[in-house]
Amino acid sequence: MYYAYKLLEIEKQARSGRSWKDFFTVRRNRRAAMASYFVMFMQQFCALLFSMGMGLINWVFALPAFYTIDTFGRRNLLLVTFPLMSLCLFFTGFSFLMPDSPARLGCIVTGIYIFAAVYSPGAGPVPFTYSAEAFPLHIRDIGMSSATAVTWGFNFIISFTWPSMIGSFGPTGAFVWYACWNIVGFIVAYFWLPETKNLTLEELDSVFSVRSRDHAEYYSSKIPWYAKKYLLRRDVEPFPALYELAEDDRHRHDGTHKTSVHHNETGLVSGNSSEKQT
Numbered sequence: 001m002y003y004a005y006k007l008l009e010i011e012k013q014a015r016s017g018r019s020w021k022d023f024f025t026v027r028r029n030r031r032a033a034m035a036s037y038f039v040m041f042m043q044q045f046c047a048l049l050f051s052m053g054m055g056l057i058n059w060v061f062a063l064p065a066f067y068t069i070d071t072f073g074r075r076n077l078l079l080v081t082f083p084l085m086s087l088c089l090f091f092t093g094f095s096f097l098m099p100d101s102p103a104r105l106g107c108i109v110t111g112i113y114i115f116a117a118v119y120s121p122g123a124g125p126v127p128f129t130y131s132a133e134a135f136p137l138h139i140r141d142i143g144m145s146s147a148t149a150v151t152w153g154f155n156f157i158i159s160f161t162w163p164s165m166i167g168s169f170g171p172t173g174a175f176v177w178y179a180c181w182n183i184v185g186f187i188v189a190y191f192w193l194p195e196t197k198n199l200t201l202e203e204l205d206s207v208f209s210v211r212s213r214d215h216a217e218y219y220s221s222k223i224p225w226y227a228k229k230y231l232l233r234r235d236v237e238p239f240p241a242l243y244e245l246a247e248d249d250r251h252r253h254d255g256t257h258k259t260s261v262h263h264n265e266t267g268l269v270s271g272n273s274s275e276k277q278t
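Here the sequence shown stands for residues 1 to 278, where the numbers follow full-length UniProt numbering.
The hints are simulated quantities; they were obtained by calculation from the structure and are not laboratory data. Treat the numbers as computed from the prediction; the structure is a model and nothing was measured. Keep in mind that a hint or two might mislead.
[Said to hold, decoys possible] Pairs of lysine to any residue, SDA-like flavour, derived with a Cα cap of 20 Å: (1) K229 / F91; (2) K222 / D70; (3) K228 / S212; (4) K197 / D70; (5) K229 / L242; (6) K222 / G73; (7) K21 / L137; (8) K229 / Y219; (9) K222 / S212; (10) K197 / S159; (11) K21 / K197; (12) K229 / A241; (13) K222 / L232; (14) K197 / I114.
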């Protein structure tokens with residue numbers, strides 16, 4: 001017990017003063033911070049939250065996230081909901097261009113409520129879940145608190161600028177502005193955001209150690225594969241994985257786990273290399 005205590009003391013002394021330094025200097029930590037800040041930013045910049053019955057809608061449509069967030073995946077939820085939210089905002093914004101139509105108000109309200117229903121299982125719960133698991137343990141308190149500061153900071157910015165944006169751009173321009181931000185969010189999430197579903201801490205180290213450039217190149221090269229498989233409905237070979245994590249069901253069940261570094265067919269490297277620098 002004494003030796004265990006001394007080892008913990010030595011580890012604590014070694015880490016003292018290094019948390020903020022490691023937060024910015026280790027690639028794995030930088031990637032986790034950038035990904036967490038992005039999803040928190042997009043939680044606010046995907047559009048404003050309205051108060052007209054939004055609480056009930058958010059609650060009802062957030063319930064599926066209990067299931068989908070661990071089966072469908074955090075990244076996939078964002079990739080599906082960002083385009084749908086963008087369409088809802090475009091629809092709502094352009095509905096203001098029908099001043100003499102009796103359907104104007106109904107279209108505006110419908111667009112807002114459908115937006116809220118789409119937002120709730122995706123951009124609503126995903127950012128906090130993603131940020132909570134992206135950081136390694138020794139800087140998780142710094143990472144999560146700073147990510148939370150990002151979302152509330154942009155919440156303030158949006159609340160502060162919305163009235164002047166309505167006055168300058170009009171309702172159509174304001175809604176279109178945030179619809180375009182959802183398109184930006186989809187693009188960034190597709191090319192840059194790693195998936196964290198069902199990954200252990202060791203696997204997360206491997207995932208976030210992959211360079212952002214390699215991540216973007218990999219998903220750029222995967223676009224033709226998606227087109228052949230889902231648009232042209234062709235039989236295609238499985239696309240090589242970006243993260244090659246060595247594991248099997250036996251290790252899952254007996255509580256052990258192993259992770260190793262692999263070179264996949266795209267030439268990218270993944271593994272426990274959190275101390276590599278860009």
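Here is what the structure says about each hint:
{"no.": "1", "hint": "K229 / F91", "verdict": "30 Å, violated"}
{"no.": "2", "hint": "K222 / D70", "verdict": "23 Å, violated"}
{"no.": "3", "hint": "K228 / S212", "verdict": "25 Å, violated"}
{"no.": "4", "hint": "K197 / D70", "verdict": "6 Å, holds"}
{"no.": "5", "hint": "K229 / L242", "verdict": "18 Å, holds"}
{"no.": "6", "hint": "K222 / G73", "verdict": "18 Å, holds"}
{"no.": "7", "hint": "K21 / L137", "verdict": "15 Å, holds"}
{"no.": "8", "hint": "K229 / Y219", "verdict": "15 Å, holds"}
{"no.": "9", "hint": "K222 / S212", "verdict": "15 Å, holds"}
{"no.": "10", "hint": "K197 / S159", "verdict": "32 Å, violated"}
{"no.": "11", "hint": "K21 / K197", "verdict": "28 Å, violated"}
{"no.": "12", "hint": "K229 / A241", "verdict": "16 Å, holds"}
{"no.": "13", "hint": "K222 / L232", "verdict": "15 Å, holds"}
{"no.": "14", "hint": "K197 / I114", "verdict": "27 Å, violated"}
Checked against the numbered hints above, the structure violates hints 1, 2, 3, 10, 11, 14; every other hint is satisfied.
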